[in-house]
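Novice: Dock chain B against the given chain A, drawing on the hints supplied.
Residue numbers (this note's numbering), protein chains in the order written: chain A, 1 to 376; chain B, 377 to 801.
Calculated from the structure, these hints are not laboratory results. Yeah, the Cβ is synthetic: ideal placement off N, Cα and C, and Gly gets one too. It is possible that some hints are incorrect.
Okay, the calculated bits of chain A under chain B, using three or more residues with CB under 8 Å as the criterion [what the hints assert, rightly or not]:
| # | region |
| --- | --- |
| 1 | 139-146 |
| 2 | 160-169 |
| 3 | 293-304 |
| 4 | 338-349 |
Single-letter residue listing:
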Amino acid sequence: MEKNNQSKIAKFFDSTLAFAIMSILLGIVAGAVVLLIAGYHPLKAYWVMLEGIISKPKYIMYTINKATPLIMTGFSVAFAFRAGLFNIGAEGQFIIGSLAAMLVGCLVELPFAIHAFVAILCGILAAGLWGGLSGYLKAKFGVHEVISTIMLNWIALYLNNFITMLPGIKNPNSEASKKILDSARIDILGTWKVSDIGLAWRDTHPFFNDLLKPDINIGILIAGILAIVMSYILNKTTLGYELRTVGFNKDAAEASGINVNRSFVISMGIAGAFAGIAGATHVLGVSHETTNLATSEGYGFDGIAVSLIGNNSSIGCFLAGLLFGALKYGGSKIQGVLGAPKEIINIVIGTIIFFIAMPKLMQLLIKIKRKRGTQK
Amino acid sequence: MIELAFILGTTLMYATPLIYTALGATITEHSGVVNIGLEGMMYMGAFAGAAVGYAAGNPWIGFIAAGIAGGLLASLHGIACVSFGPNHIVSGIAIFIGITVGYYTNNMWIGIITTAITGGLLAYLPGKIARISFKSIYLISGIAIFVGIAVGYLSQSIWIGLIITAITGGLLIYLPKISSLTFGANHIVSGIAINFIGVGLALFLCRIFFKNATMTIPLPLDDKISRPLNGIFMENSFWDNVFNQYTTVYLAFFMVLLVWFMLYKTRLGIRIRSVGEHPEAADTLGINVFKTKHIAVILSGVFAGFGGAAMSIAIVSRFQPTLISGHGFIALAAMIFGNWKPQGAMLACLLFGSAKGLEIFLGSTKGIQLITDFQQKLFGTVLIDQGVPAQILAMLPYIITLLFLIGFVGKAVPPSASGQSYEKN
Numbered sequence: 001m002e003k004n005n006q007s008k009i010a011k012f013f014d015s016t017l018a019f020a021i022m023s024i025l026l027g028i029v030a031g032a033v034v035l036l037i038a039g040y041h042p043l044k045a046y047w048v049m050l051e052g053i054i055s056k057p058k059y060i061m062y063t064i065n066k067a068t069p070l071i072m073t074g075f076s077v078a079f080a081f082r083a084g085l086f087n088i089g090a091e092g093q094f095i096i097g098s099l100a101a102m103l104v105g106c107l108v109e110l111p112f113a114i115h116a117f118v119a120i121l122c123g124i125l126a127a128g129l130w131g132g133l134s135g136y137l138k139a140k141f142g143v144h145e146v147i148s149t150i151m152l153n154w155i156a157l158y159l160n161n162f163i164t165m166l167p168g169i170k171n172p173n174s175e176a177s178k179k180i181l182d183s184a185r186i187d188i189l190g191t192w193k194v195s196d197i198g199l200a201w202r203d204t205h206p207f208f209n210d211l212l213k214p215d216i217n218i219g220i221l222i223a224g225i226l227a228i229v230m231s232y233i234l235n236k237t238t239l240g241y242e243l244r245t246v247g248f249n250k251d252a253a254e255a256s257g258i259n260v261n262r263s264f265v266i267s268m269g270i271a272g273a274f275a276g277i278a279g280a281t282h283v284l285g286v287s288h289e290t291t292n293l294a295t296s297e298g299y300g301f302d303g304i305a306v307s308l309i310g311n312n313s314s315i316g317c318f319l320a321g322l323l324f325g326a327l328k329y330g331g332s333k334i335q336g337v338l339g340a341p342k343e344i345i346n347i348v349i350g351t352i353i354f355f356i357a358m359p360k361l362m363q364l365l366i367k368i369k370r371k372r373g374t375q376k
Numbered sequence: 377m378i379e380l381a382f383i384l385g386t387t388l389m390y391a392t393p394l395i396y397t398a399l400g401a402t403i404t405e406h407s408g409v410v411n412i413g414l415e416g417m418m419y420m421g422a423f424a425g426a427a428v429g430y431a432a433g434n435p436w437i438g439f440i441a442a443g444i445a446g447g448l449l450a451s452l453h454g455i456a457c458v459s460f461g462p463n464h465i466v467s468g469i470a471i472f473i474g475i476t477v478g479y480y481t482n483n484m485w486i487g488i489i490t491t492a493i494t495g496g497l498l499a500y501l502p503g504k505i506a507r508i509s510f511k512s513i514y515l516i517s518g519i520a521i522f523v524g525i526a527v528g529y530l531s532q533s534i535w536i537g538l539i540i541t542a543i544t545g546g547l548l549i550y551l552p553k554i555s556s557l558t559f560g561a562n563h564i565v566s567g568i569a570i571n572f573i574g575v576g577l578a579l580f581l582c583r584i585f586f587k588n589a590t591m592t593i594p595l596p597l598d599d600k601i602s603r604p605l606n607g608i609f610m611e612n613s614f615w616d617n618v619f620n621q622y623t624t625v626y627l628a629f630f631m632v633l634l635v636w637f638m639l640y641k642t643r644l645g646i647r648i649r650s651v652g653e654h655p656e657a658a659d660t661l662g663i664n665v666f667k668t669k670h671i672a673v674i675l676s677g678v679f680a681g682f683g684g685a686a687m688s689i690a691i692v693s694r695f696q697p698t699l700i701s702g703h704g705f706i707a708l709a710a711m712i713f714g715n716w717k718p719q720g721a722m723l724a725c726l727l728f729g730s731a732k733g734l735e736i737f738l739g740s741t742k743g744i745q746l747i748t749d750f751q752q753k754l755f756g757t758v759l760i761d762q763g764v765p766a767q768i769l770a771m772l773p774y775i776i777t778l779l780f781l782i783g784f785v786g787k788a789v790p791p792s793a794s795g796q797s798y799e800k801n
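Pulled out of the complex, with its shape left as it was, chain B reads as follows:
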């Protein structure tokens, strides 16, 4: 019985990152944007979670940072597939670049000027693309730069200067003409690009911040996500094995409820779904198709970031390159045979978690014992006495995914406008 508890416990633990990511996938798919880039977003989330968690000494700050990192990466996907909408991202980029340059060069002025120029440039380019008249473009960027530098100088504070530039640049970009620029990217290609960028950026940043290592410094045990039910049950009892989990696990199931509620019981939810089914109709009803899609895409990034962090700060305690290894795609598969519903995705993730749990169990001494006994009873002799080879076990989750896809996909119904870019005429 204790073996069953062990498998159940491991199932819950491994299903959790998948659940977060699959929830993100559900939201974005409902809005009609296919997100293959979840893997890259999980990478960024895992790295951000581990790195910030280590630096801040608090895993929850890391968790939130992971969500932000995932969301930022997702906004790139949004820009490519939906429209040039999210202007706060632009300001954010300007601020970030300015701060980093200022920090590294240890010079406030260079920092301010960089932000100002970045903000100005980022205001200039889309203006050019949207064919706003020449004079206005130069004026806009000029204003942003000037205001930023002036305020920065006057207040003798780099922070104020940076923020003002970013806000000015960002606000000025907030022109409807630019926001609804569609680039019409193929969702899958953009997703592939995001995977390259996400993985590359995560490893790159890891090397930069952790002295050229490809893994982050492990979080000390106290700094990991807490286990709220630790100590309540008797050590190693059935209930302890199953329910003594990290908080992220419980949070995941709560999130399933939250996302379900959001999608099916709120106005935002119905907007997301309508935009994915028939964007033209939604548009004529006055729903801002671009904004809704952007929200959905960014949310998916945030959730994927959480999923990555759930791996790096809860299960393992650090980020390493082999951490994610395909879980982003498994989450996508989970969503598909959860029939694009949060509850279904949750069950599918539990299934994969159980495959992983089975893999670990069958590889443990108890598991090998079980297999040997089983063979003894069935065949009379023991053919394989080392248990199932580790590599074959490792294949289990992926084989099970395939088998279920074969059995279930035919009956699953995606949103009608899935994968299509919307363009206002």
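Pulled out of the complex, with its shape left as it was, chain A reads as follows:
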């Protein structure tokens, strides 16, 4: 009876969306408190951030650019979560994917579009294997995937450095590999917009001029396709059903005949593939090279945050990834304008996850609201 008497507002607060929004708000508040303590005006800081995201079309493009790899690594982690596994290795799988794409992009010669396609495919295979390795270690030897993926992250990092610095691949002028061939690029109108014709056209169309300044690439479209793919695999295929069952209760899954070990390998493999696509599109669309990294760039770890906030669903990850892209891009502006350290964003993000980790907190708060309602 109580459920029928629940008002629309109560129903909204009960939902996981509300829960995520509340956690985000609390995270922002926490960040505000830290900023305040450090002597910065939080409202000013957040306003700078907001302005830095939406006030110009090119900012929106930069935000989308920043968000794209995060969305896809979010998919990677989310997919693994749905199958009951923690894919902390999205970072390493991203690196392997980008490495593979760079190698194909630099060393192989193929016509335009096919080149990119093959590069991404290699990224998928390489990263899928990297992820599947963790799954295999768990299946065969019982190694916890959190630790094996973290180890593989570091191994991938150093492997990237090793290969990038090889004499045949290293760019003589920088701490990076050679640039990928133009035929492999996936950015939109990348070469056209800096050509003479392109520049001339841009001079007469200021709106598009601004829009084209950042390197936009079709990565966001790929992300959208991946969202559909992920949703389809999980919800409409037998494999997805098996993986989700293992995710809910692996003993029950085993009892009903599902090969749990095989699920481990496949789910980590697919998760790795998602992260690999993220890495590949990043190289093909944005950086056009791999660099000698001192530490990992964090796309994989941010993907963990994205998937947690996005409640491990494909739409959730897409939206959460956009949010993150906005936070990260806007956050970098705070340092430039106000001088406040950009790590405040890490604190905000960490706090958001912290509150998401405590589902009971929200339920308790909701129970109070409800109890007060019935006490009247």
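Specialist: Relative to chain A, chain B alone:
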């Protein structure tokens, strides 16, 4: 022979931070709380150690500060995974916020009022959550605020005002109803959050206090942790290479003994272990499950803080972003294939230390010489004359970790209630 001494010495040096952190991991795992956030706690410890060590001019003060920093961060993990227990943390937060605000605004009143309000708020919120009646909540926070401001005004001292508010707020929060609030967080997710927060906070504070740089000012040589056996052995002899270590190294091994003793020979130890094996049974025997878990979690943070400081004030002499790079997780792995025992964790950490030692040695000129000679003897020619590439060497510790996990994990037994949140019914 001298090469072996060099490798052994480097092993000891690099194993030390891992040992501290792995000890912390052991304690918390035995109590049933999984702590993935050790990495973040090491970051905080490394930063606190370097920053406070620099400011105070004394590395040991820095070391202790590192432990405190780690412990504070760990208490967040405790709040999420165990219960809303540690009220002294709440008071501490109130005091800290008040002092900082007062300091930055250079105004005693703002400082006092901030502490009072913070203390009051922190008293209010959990009261609301625990459904203590309305009147009591407002009364409690009101009392805390009023007492704080009044005492602060009367004594004309910001310090007294702050402390009184914090104590009042903290004491009033010390209600059993609130302390045992469980939030039932997933331990691994909370640990991931702690990693974000720890790393972010450490870098953030570093920028604030060190003029926007991401590394702290290096400690002058005199201010680093001392080497007690310096000068006893002949310079560069075998024994000198192995045993001329920082004090933190010796302390680490002593800590292994201490933790072993604590866990297996004291009452606290058996409480920790029982709470991790079967919390319901422990509860019926009258053991305060929440308090025990909190103690274990905070201890793990303290130890992880020590581990971070062992890196930043002993090995390197400052904090920098790439300092920790995964050592928190390696320590976790060490604990797992030390079979969740302090002695085992110590041996595992020594193993990783040796991987790092090997990495450094093989990258040095002597090491490269050795490899070239080795190839000459084996193959007749020299295939690789630059030695093993630095990046491949850097992978060694992680590859060795994986190999050992593959070989050993199947036989390791975690505590039975590991990773499960306990709830009183």
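Novice: All hints, please: hold or fail.
Specialist: Each hint tested on the structure:
Figure legend: the region 139-146 of chain A, annotated as covered by chain B; annotation consistent (5 residues with Cβ-Cβ distances under 8 Å, at least 3 required). By the rule of at least three residues with a Cβ nearer than 8 Å to a Cβ of chain B, the coverage given for the region 160-169 of chain A holds, with 3 such residues. For the region 293-304 of chain A, the assignment as covered by chain B holds, since 4 residues bring a beta-carbon within under 8 Å of that chain's beta-carbons and 3 suffice. Coverage of the region 338-349 of chain A by chain B holds [criterion: at least 3 residues with CB-CB distance below 8 Å; count 8].
Consistency with the previously given hints is maintained throughout, with no hint failing.
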